[in-house]
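Peer 1: Which chain is which? The protein sequence lines are A and B, in order.
Just so you know, UniProt numbering puts the end of the first sequence at 78, numbered straight through with nothing missing.
Just so you know, UniProt numbering puts the end of the second sequence at 78, numbered straight through with nothing missing.
Everything labelled a hint here was simulated from the structure, so no lab data went into it.
Hints are supplied without guarantee of correctness; some may be wrong.
The list treats identical chains as interchangeable, and a pair is accepted whether it falls inside one copy or across any two copies.
Said to hold, decoys possible - No farther apart than 27 Å at their CA atoms in a straight line, the calculated lysine-lysine pairs in the DSS-like style are these:
1. K24 x K4
2. K54 x K42
3. K54 x K24
4. K4 x K54
5. K42 x K4
6. K78 x K4
7. K42 x K78
Number of protein chains: 2
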Amino acid sequence: MATKATFYHAGCPVCADAETAFAKALDPNVFDVEIVHLGEDKARLGEAEAAGVKSVPAFVIDGRAYHINFGADLAALK
Amino acid sequence: MATKATFYHAGCPVCADAETAFAKALDPNVFDVEIVHLGEDKARLGEAEAAGVKSVPAFVIDGRAYHINFGADLAALK
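Using the sequences and the hints given, assemble the complete structure.
Peer 2: Below, the structure written as structure tokens:
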């Protein structure tokens, strides 16, 4: 069964670049990728923060946060 | 044709975790992944640095550096 991978972003250029490089290129047999725009879907900020996300773009995979470069602080999206 | 993706690491726990989460899970139809241990293969430090890698673990894809969380500064490996 595919592992759930959530990609959090905020529409920033760094986010868009990471999305192209990773979110759309993970093996679909391994990952079931969900893409969440935290600027538009602020209701999901809490879950991202709870998983350890400090900035976007970031993935949460198996409950662990993986920050890819730096686009924006989560605090800036509240 | 698959895009070349180089994963630079230094054997650190953060590196190993990122390797499991990403380097081994990229779509093999999209990426041809090479894994480079910069602690053991110091001759490759220069190419990593030239591509913009500041710390490990990091990927270089299409000449762009993507740092995943933070394991160690490149300077600490010289």
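Peer 1: When the structure is checked against the list of hints, which entries are broken? Sort them ascending.
Peer 2: none
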